[in-house]
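> For reference, the chains in residue letters:
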Amino acid sequence: MRWLRERSKVQLAAVAAAVLLLLALLPPFIGVYQTQLLTYGLIAAIAALGFNLLLGYTGLLSFGHSAFFGIGAYTVAFLARDAGIHSMELYILLGLPISALLSALFGYISVRHTRIFFGILTLALSQVLYSLAYKLFWVTGGSDGLRVPRPTLLAGLVSFSGPGSFLRFVNSYYYYVLAVFAVCVVVMWVIVHSPFGKALQAIRDNEVRAAFLGLRISRFRWVAFLISGTFTSLAGILWVPLNGLTTPEILYWPFSGEIVFTALLGGFRNFSGPIVGGIVFTYLKTYAVATTEYWQLLLGVVLVMLILVLPTGIVGAVSRLADRLKAKGKS
Amino acid sequence: MSILVIQILNSLFYASVLFLIAAGLSLIFGVMRIVNMAHGTLYAVGAYVTAWLMGKAIALGVPLGWLFLLLPVGAGVVALAGFVIEPLLLRPFYRRAEEYQLLVTFGLLLILEDVIRFLWGGMPITADTLQDVVPIMHIGGLVYPGYNLVVIGIGALAAIGLWAGIYRTKFGVMLRATSQDRRMASALGINVGLVYMSAFAIGCFMAGLGGAIIVPSQAAVLGMGVDALILAFVVVVIGGLGSLQGALVGALIVSFVRTAGIQFFPEIELAVLYLIAAIVLLIKPTGLFGNA
Amino acid sequence: MDKPNTVDRRKFLSALGVTVGGVGVAGASLIAPQVVKAATEPAKGKIPDTPYKTGHMTFLTGPAAVLGDPSLKGHIMAAEEINAQGGLLGKRKIETITADEAAGTDANVKELRRMKLEGKIDLFTGVISSGNTPALGPVAEELSLLTMFVDGCTDFLFDVAVPNPKYTFRLTNIQSADGITAAIGAAQAWPQTRKIAHLHPDYSYGRNASEHFTLAIERLLPGTQVVSESWPKLGTTDFTSHITKILSSEPDLLFTSVWGGDYVAWYKQALRYGLFDKMKVATTLAFGVAPHALGKDHPEGVLAGVHSNYHFTYPGGDRWPINKSFVQRYFKRWNEYPNFQSEGSYVTLHMLKAAIERANKLMGGWPDDEMIIGQLEGMGFDTPSGYLYIRPDNHQGYKDAVTGFSKNNPEYPFPTWDQNRIITIPIRNITAPANWPKPGKGHNESTAAANWIKTTWPKSVG
Chain U
1 MRWLRERSKV
11 QLAAVAAAVL
21 LLLALLPPFI
31 GVYQTQLLTY
41 GLIAAIAALG
51 FNLLLGYTGL
61 LSFGHSAFFG
71 IGAYTVAFLA
81 RDAGIHSMEL
91 YILLGLPISA
101 LLSALFGYIS
111 VRHTRIFFGI
121 LTLALSQVLY
131 SLAYKLFWVT
141 GGSDGLRVPR
151 PTLLAGLVSF
161 SGPGSFLRFV
171 NSYYYYVLAV
181 FAVCVVVMWV
191 IVHSPFGKAL
201 QAIRDNEVRA
211 AFLGLRISRF
221 RWVAFLISGT
231 FTSLAGILWV
241 PLNGLTTPEI
251 LYWPFSGEIV
261 FTALLGGFRN
271 FSGPIVGGIV
281 FTYLKTYAVA
291 TTEYWQLLLG
301 VVLVMLILVL
311 PTGIVGAVSR
321 LADRLKAKGK
331 S
Chain S
1 MSILVIQILN
11 SLFYASVLFL
21 IAAGLSLIFG
31 VMRIVNMAHG
41 TLYAVGAYVT
51 AWLMGKAIAL
61 GVPLGWLFLL
71 LPVGAGVVAL
81 AGFVIEPLLL
91 RPFYRRAEEY
101 QLLVTFGLLL
111 ILEDVIRFLW
121 GGMPITADTL
131 QDVVPIMHIG
141 GLVYPGYNLV
151 VIGIGALAAI
161 GLWAGIYRTK
171 FGVMLRATSQ
181 DRRMASALGI
191 NVGLVYMSAF
201 AIGCFMAGLG
211 GAIIVPSQAA
221 VLGMGVDALI
231 LAFVVVVIGG
241 LGSLQGALVG
251 ALIVSFVRTA
261 GIQFFPEIEL
271 AVLYLIAAIV
281 LLIKPTGLFG
291 NA
Chain L
1 MDKPNTVDRR
11 KFLSALGVTV
21 GGVGVAGASL
31 IAPQVVKAAT
41 EPAKGKIPDT
51 PYKTGHMTFL
61 TGPAAVLGDP
71 SLKGHIMAAE
81 EINAQGGLLG
91 KRKIETITAD
101 EAAGTDANVK
111 ELRRMKLEGK
121 IDLFTGVISS
131 GNTPALGPVA
141 EELSLLTMFV
151 DGCTDFLFDV
161 AVPNPKYTFR
171 LTNIQSADGI
181 TAAIGAAQAW
191 PQTRKIAHLH
201 PDYSYGRNAS
211 EHFTLAIERL
221 LPGTQVVSES
231 WPKLGTTDFT
241 SHITKILSSE
251 PDLLFTSVWG
261 GDYVAWYKQA
271 LRYGLFDKMK
281 VATTLAFGVA
291 PHALGKDHPE
301 GVLAGVHSNY
311 HFTYPGGDRW
321 PINKSFVQRY
331 FKRWNEYPNF
341 QSEGSYVTLH
351 MLKAAIERAN
361 KLMGGWPDDE
371 MIIGQLEGMG
381 FDTPSGYLYI
391 RPDNHQGYKD
401 AVTGFSKNNP
411 EYPFPTWDQN
421 RIITIPIRNI
431 TAPANWPKPG
441 KGHNESTAAA
451 NWIKTTWPKS
461 VG
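Residue numbers (our numbering), protein chains in the order written: chain U, 1 to 331; chain S, 1 to 292; chain L, 1 to 462.
Worth flagging that the hints you see were computed from the coordinates, not collected in a lab.
Please note: incorrect hints may appear among the correct ones.
Claimed, not checked - Over the 10 Å line for every Cβ pair with chain L, so calculated as not near, a few chain U residues:
1. Pro97
2. Ile109
3. Val185
4. Val192
5. Pro195
6. Ile217
7. Arg219
8. Ile250
To be verified - Straight-line C-alpha distance at most 20 Å; calculated DMTMM-like pairs for lysine to aspartate or glutamate:
9. U:Lys135 with S:Glu267
10. S:Lys56 with L:Asp297
11. L:Lys233 with S:Asp227
12. L:Lys441 with U:Asp82
13. L:Lys233 with S:Glu267
14. L:Lys280 with L:Glu218
15. U:Lys135 with S:Asp227
16. L:Lys53 with L:Asp368
17. L:Lys53 with L:Glu81
18. L:Lys233 with U:Glu249
19. L:Lys296 with S:Asp132
20. L:Lys438 with U:Asp82
Don't be surprised by glycine CBs; every beta carbon is placed ideally from N, CA and C.
Input sequences plus hints: build the corresponding full structure.
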């Protein structure tokens, strides 16, 4: 945080714009496979960004964020199957309020507690959703899951069918997700730098003092939870068309573990940490699975080493390195 | 009637194993404030080690009755692993936020799952010879494996032993003191590091023992640990993290509800457990016997 | 629905073509449209010598590795055999990259795309879970990637997920045949059955098996009733309460589709509860795992299903030399016996080889995917399990369904089939014919096969 605060806002906007431009120019150079993998990465980044509002800024570790990713994904699947809706914009417009409702409900229950009890509560609630998705075979397709055909983009202006449609879809969808991603980043940036965001951090750092200052702590946590869950469910909404199918796996607790892993990998004390983490984790898991049948071992070792050696995550380590170099340059 | 008796015995049998796993999980949390995600996998290690040793022993022609001695040996191996894991992986994190400790054990879970597969391969390993050492019982017109009573007995003994160890020995006083206030315990001259290491090893021993006693009646299969972790979690959530009574009552509730679910509502066998956990959390978030 | 007419059960079973005793020659009941002869002539035209890349996805980790391990072994053995002859068309050596199906459906979709777009594979094969083929089939189609699924046999794949396949094929028998085969086996062996208990893993496979078994048994043995149902979660190893519940309902027959490590744990517990003395037991997958995963303590006389596909002891002896030699070579290579997955993935590569050779003979040079697909559609092939036919309309492999009764044979360190009681059923008699309406097209049954049974099967009497 500190290193970012020191820079002027103009400088920061310039860096962000440059990164965005770079991301926008990438697809022709990296080919269709990397483009779609990067899309997955951006989606994971949105999920982690939402998650980190709780962990990084509010100091609450949720071990049940799979619930929100999953509710986004399943809402889209139901809209496609039962309402015959095939427009991405409608998915988002209808999906977000439903997800927000669930986030509000789960948040209301969970924020009465902190620390490990908060984590377990969120875990248990997400597992209730998991078992429902798994058990209500005739509604959710059980372990088979639900298929979601490719939606149209931009209110039906861009649609995909016929030969070669997959390639066209990957390219268009990348830019679609990139745009949503950019909006998400800006919104989240505004949130954490607003008085509301500052209050969350004050509560995180010293709950007693914040209470003395007259902050209604549980109300703040609840709103943070609501925003966090809704962000993560937006990631779920965006994820389904790319994957083509949703199964109860994305509601199961190991998926929550992956979201936590993601935030930690990038560094949850930095605003950009979860973004970097989301993209890097997507690549890490994909290539771990591709290179060795002992991919679980590989991920486990990376996770443990990361916590031992890079406790502030990738962004934390890089920024510290940069600070040190700067200090040397000055002296 | 005999069906009822057998279902009660089945529930007690299942509760014994669940208690062993959950009590270890709870003990580790109570003393060290760590939720050990790798706990189920340590239970699986106990099962694999025991089944493997038993296969070796039978091949060597060891008299069958002696195989019972392998149960504590299997559990002991897991305890030894605990003695290695605690100083190596957990100790560096005591001063850091508890999120990190949770994640380290999650990493350990991933690692151990693959280590098991590397050492023992993908085929189930069985050790049911031991089951046949104990005679079959007759209840009404039905038969019941006597070995299950041995498991229930071990579960009961473990509960009593753990209770006595914590509430009736000097070590138990140190354990409870450390769990109440680490700094104060340290100031009173308690070797906190040693207490932590012992608590973790005892927790591992319990999980390993759970695996050791269950493997003769089932089989050691990949993925058994993750499955067990979830159930143990439900147990401690209901009973209260860090509470020994909670683990016992939670294990009994989960087993009896599960049996009732299987008997009367087969469709919702799985969901009913999570639902109970969620309801308990809503009413008393620290669990029936927990305190925040 | 019309009221089903009734027929005499014995006549019904014989109309279904059920053969007991394993005397029927494999595949004899099908009229072979195009039986492939082994090609010995050299390839025509110029063949590149670049490797032919295959991607094999199967369970390398987790509880289902008991099925994944044999699947990969069958694939590797076939690749080695083909490469020993110089490769496909004598030139292109088969290279294999593997992927772990246990990484989850989401990761599997990503991995399939990676294999095609980055690994540049020519063929995608393997896959065991019926939860994965409906996810991967559409992806393979959109990537225009030649795909030969070994298993993942759900009807849902070609009924709903990929109703008009172009690039996607599947070799093992369709899932609905599994429950129906078990029902026919049970009705044939134990016609006095009145009360039936069910025990199934709680996911789509268990539901499919239960539904189709029930549909068939209601017609084969009218008046039977379901007295108990249990749905343990997949991966359950404690079955004591389920077993007690089953015992308490005092059924004549237990039908179960529990498989793999779960089945091993289940039968060991059931044995100690005396379950096998109190009732008959019919299974769909007891012998589906690698044979050495089961012990000699497995009770005899259980209807031990193999996913209605293949057991290495059938066709036995010298009656079907292809099988005899396959089993011998497999044992020599891996020091164990094959299961139906081994056979399926072994056949996959040899069938591909045959299709490529035939396309080459017609046109010369290396055939493109369209031509290979043209040859695979409607292809008939002699495999270790018997005659296999790829139906052109849905790209699904069909072979006569087979099941048998467990027996301890001194030759093997694990239970095998009673060679005098092997049951074979012509597949066309137990599956929906080509172009039967699919779910959502005029009916809302879960599968085309379910609708077909309800519409066409009579009820038997006597």
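> Can you list which hints this structure breaks, lowest number first?
Those not satisfied come down to hint 8.
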